[in-house]
Amino acid sequence: MDTLVQQIINGLSLGSVYALIAVGYSLVYSILLFSNFAHGGFLVIGGYICYYTLAALGNNIWLSGLAAMVGAGVIAILVERLAYKPIRERTNVTLYLLIASMGMSIVIENVFVVTVGGRFRALPPVIPTDPVNFFGLATTSAFDLLSLAMAVIFLTALQLFLSKTKWGLAIRAASYDLRTSGLMGVNVNRLISIVFFVAGFLAAVGGIFLSVRYTLYPQLGFITIKAFVAAVIGGLGSLPGAVLGSLILGLAEMLTAGFISSQMRDLVVFGMLVLTLLWRPSGLLGKQVSEKV
Amino acid sequence: MSGYVEGIIILLFINGIAAMGVSLLTGFTGVFTLGHAGYMAIGAYTAAIMTVRFGIHWLPAIVAGGIIAMVLAYLIGVPTLRLMGDYYAIASIGLGESIRLVLENWQSFTRGARGYPGIDNYTTLTVAGAFFVVMALLMFYLIKSNFGRAFKACRDDYIAASLLGFNTARYRVLSLSISAFYCGVAGALMAGFLTFIQPVMFDLNKSTELTAVVVFGGLGSLSGSLIGTAVITLVTELFRPISQYRMLIYGAVMVIIMVARPEGIMGQHELGPRFIRSLFQKKNGPSKALEGSDGL
Numbered sequence: 000m001d002t003l004v005q006q007i008i009n010g011l012s013l014g015s016v017y018a019l020i021a022v023g024y025s026l027v028y029s030i031l032l033f034s035n036f037a038h039g040g041f042l043v044i045g046g047y048i049c050y051y052t053l054a055a056l057g058n059n060i061w062l063s064g065l066a067a068m069v070g071a072g073v074i075a076i077l078v079e080r081l082a083y084k085p086i087r088e089r090t091n092v093t094l095y096l097l098i099a100s101m102g103m104s105i106v107i108e109n110v111f112v113v114t115v116g117g118r119f120r121a122l123p124p125v126i127p128t129d130p131v132n133f134f135g136l137a138t139t140s141a142f143d144l145l146s147l148a149m150a151v152i153f154l155t156a157l158q159l160f161l162s163k164t165k166w167g168l169a170i171r172a173a174s175y176d177l178r179t180s181g182l183m184g185v186n187v188n189r190l191i192s193i194v195f196f197v198a199g200f201l202a203a204v205g206g207i208f209l210s211v212r213y214t215l216y217p218q219l220g221f222i223t224i225k226a227f228v229a230a231v232i233g234g235l236g237s238l239p240g241a242v243l244g245s246l247i248l249g250l251a252e253m254l255t256a257g258f259i260s261s262q263m264r265d266l267v268v269f270g271m272l273v274l275t276l277l278w279r280p281s282g283l284l285g286k287q288v289s290e291k292v
Numbered sequence: 000m001s002g003y004v005e006g007i008i009i010l011l012f013i014n015g016i017a018a019m020g021v022s023l024l025t026g027f028t029g030v031f032t033l034g035h036a037g038y039m040a041i042g043a044y045t046a047a048i049m050t051v052r053f054g055i056h057w058l059p060a061i062v063a064g065g066i067i068a069m070v071l072a073y074l075i076g077v078p079t080l081r082l083m084g085d086y087y088a089i090a091s092i093g094l095g096e097s098i099r100l101v102l103e104n105w106q107s108f109t110r111g112a113r114g115y116p117g118i119d120n121y122t123t124l125t126v127a128g129a130f131f132v133v134m135a136l137l138m139f140y141l142i143k144s145n146f147g148r149a150f151k152a153c154r155d156d157y158i159a160a161s162l163l164g165f166n167t168a169r170y171r172v173l174s175l176s177i178s179a180f181y182c183g184v185a186g187a188l189m190a191g192f193l194t195f196i197q198p199v200m201f202d203l204n205k206s207t208e209l210t211a212v213v214v215f216g217g218l219g220s221l222s223g224s225l226i227g228t229a230v231i232t233l234v235t236e237l238f239r240p241i242s243q244y245r246m247l248i249y250g251a252v253m254v255i256i257m258v259a260r261p262e263g264i265m266g267q268h269e270l271g272p273r274f275i276r277s278l279f280q281k282k283n284g285p286s287k288a289l290e291g292s293d294g295l
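So the protein lines, in turn, are chains D and G. Residue 0 is where the first sequence starts when you use numbering that gives the first Met the number 0, and the numbers rise one by one after that. Residue 0 is where the second sequence starts when you use numbering that gives the first Met the number 0, and the numbers rise one by one after that.
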């Protein structure tokens, strides 16, 4: 019982970090209809900015966290401007965007390998990881509760941004039809920049929590594959779906690690992906995407 | 011929076979993949286990490697390629990693992460060359046949293709199965060439390399993919000392090609008498001269 509650909290906490990543990925997918593989790069950039500003600013997590989020957001905008904008302005073949984003993800990863080296770095102990008694039910780590809380705060903020602001309305319109929303007077280029900024911003939050959990290294971005899988399970392009899929995936992963074997967890993730696609091709909350013939 | 040069030529043949497989799927059918190293791993381990453990002759073992990769690709392709969108791209990464995990953890059968030693050196220059020639001829024939046109139709406009009566989902699955067969055979030949295989040889970097080669050579050009393979295999050999920059350069080249010239070196043209003639006839290059035609 103790272990079960503990693994459930672990799973929800891991799932909430996946949700931060998956939501940004889904947001980009819903507008531009391609899988931005460079999303993992934004996460790593956020992690490294946090690591170096922590050293420079004397372990002030709030300041360096902010720097990491804004920095990753700005770099996400730059990546879009440099690599994707010329392609999407010339053609509507999403395959080209997909390949360019894969290239971008390799570039970001290897820039870190070449400049700062591939070794594992631990963030200084700025985020508490002490054990906490969870209502007498189980002992869990303060870090897990904190990452869960932060994810809830940021996802609520995103929800408010999308539902209450003018740009949020424009983004929701663009996710139905980018071209028509352009014709209705939305500045499409600025809208895409905002979407990439939000995606990079949220990825950096995820990156900071993941680098506390697993330490920081250039290949940490591979973890976004799980966020992608979570987005597919929830329904590609659907934001509530991305959150739901992430929580399910985090739970499944932690329960597998806790009760079966920790080497099996990646296999479980992949198995869930294939089963979801067989059982419900559009994901749990997604639009119908099966090809009509 | 010195052993080193012979080794490089065998490697070129093997990489060429794998590149043809990826070229069919990504270049001609328009399906992005990042898991084809997984099919190579399946082929390599099938051939290794069949020849070493069960003492079967290498020729059926290589073919079996291809067929098992093909069956697996079919099983993955049916649920993911029915859907429009990046489902297969995401599933392919998961598949590649899952195959590697199974190979690493199934100690009793695959000997785990330490690798599988003692494979017969059956991939001689003749064997690799023969496989390459036969498979290249088959692939060129396939591309020029009705199937090839159907694949291209699915890539260029799947709605139009389906209105013409093509079951586009079925063609995508077929294309994936054939491309997995090519990668499986390439993996099996790789096992016989290196005589020692390890799961880590078939990681995400290898998958990326396979796709990068095809992008580099030209989406929709088989000879372009082969030229891309030759260039990248040779460049990799020549620049071994700066190998830590290799992936960085791959990534940058992928982005630059997509931004500047998404059709790659060859575009959609095949290397043939007509392509070469057109190079000399017009100063403004082959892309203008061959507009509207399909090469060859």
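Just so you know, these hints were derived from the structure itself, not from any lab. There's no promise every hint is true.
To be verified - Result set (DSS-like, lysine-lysine): computed pairs, CA atoms no more than 30 Å apart in a straight line:
1) G/Lys205 to D/Lys84
2) G/Lys205 to G/Lys151
3) D/Lys84 to G/Lys143
4) G/Lys143 to G/Lys205
5) D/Lys84 to D/Lys163
6) D/Lys165 to D/Lys84
As the list claims (entries may be wrong) - Facing chain D, according to a computed beta carbon distance under 10 Å, are these residues of chain G, among others:
7) Ile75
8) Ile92
9) Glu103
10) Val132
11) Val133
Claimed, not checked - If the Cβ cut is set under 10 Å, some of the chain G residues that face chain D in the computed set are:
12) Leu58
13) Val62
14) Ala63
15) Leu100
16) Ser107
17) Phe108
18) Asn204
19) Met257
20) Ala259
Each residue gets a CB set at the ideal place from its N, CA and C atoms; glycine is no exception.
Hint by hint, here is what the structure shows:
For the proposed pair lysine 205 of chain G and lysine 84 of chain D, the alpha carbon gap of about 28 Å is at most 30 Å, so the pair holds. Of the pairs offered as hints, the one joining lysine 205 of chain G and lysine 151 of chain G holds, with about 26 Å between alpha carbons and a cut-off of 30 Å not exceeded. Taking the CA atoms of lysine 84 of chain D and lysine 143 of chain G, the gap is about 35 Å. The hint is violated against a cut of 30 Å. Between lysine 143 of chain G and lysine 205 of chain G the CA atoms are separated by roughly 29 Å; this keeps the pair inside 30 Å, and the hint holds.
At roughly 28 Å between alpha-carbon atoms, lysine 84 of chain D and lysine 163 of chain D fall within 30 Å of each other, so this suggested pair holds. For the hint linking lysine 165 of chain D to lysine 84 of chain D, the alpha-carbon distance of about 23 Å falls within 30 Å, and the restraint holds. Nearest Cβ of chain D to the Cβ of isoleucine 75 of chain G: about 7 Å, under the 10 Å cut. The hint holds. Of the supplied interface hints, the one on isoleucine 92 of chain G holds, with its beta-carbon coming within about 5 Å of a beta-carbon of chain D, less than 10 Å.
With a least beta-carbon distance of about 8 Å to chain D, the hint placing glutamate 103 of chain G at the interface is held under the 10 Å criterion. Against a cut-off of 10 Å between C-beta atoms, the interface hint on valine 132 of chain G is violated, since the closest Cβ of chain D lies about 29 Å away. Residue-level restraint check for valine 133 of chain G is violated (minimum Cβ-Cβ distance to chain D is 30 Å; threshold 10 Å). A least Cβ separation of about 33 Å between leucine 58 of chain G and chain D goes past the 10 Å threshold, and the interface hint is therefore violated.
With a cut of 10 Å, the hint placing valine 62 of chain G at the interface with chain D is violated, because the nearest CB-to-CB distance is about 27 Å. Interface restraint check: alanine 63 of chain G against chain D, minimum CB-CB distance 24 Å, threshold 10 Å, status violated. Checking leucine 100 of chain G against chain D: minimum C-beta separation of about 6 Å stays under 10 Å; hint holds. Taken as an interface hint, serine 107 of chain G does not check out: its beta carbon lies about 15 Å from the nearest beta carbon of chain D, beyond 10 Å.
Interface restraint check: phenylalanine 108 of chain G against chain D, minimum CB-CB distance 16 Å, threshold 10 Å, status violated. Satisfaction of the interface hint for asparagine 204 of chain G is found here, the shortest Cβ-Cβ separation to chain D being roughly 9 Å, below the 10 Å cut-off. Because the smallest distance between the Cβ of methionine 257 of chain G and any Cβ of chain D comes to about 4 Å, under 10 Å, the interface hint for this residue holds. For alanine 259 of chain G, the shortest C-beta to C-beta distance to chain D is roughly 8 Å, which falls under 10 Å, so the interface hint holds.
Hint compliance for this structure: hints 3, 10, 11, 12, 13, 14, 16, 17 are broken, all remaining hints hold.
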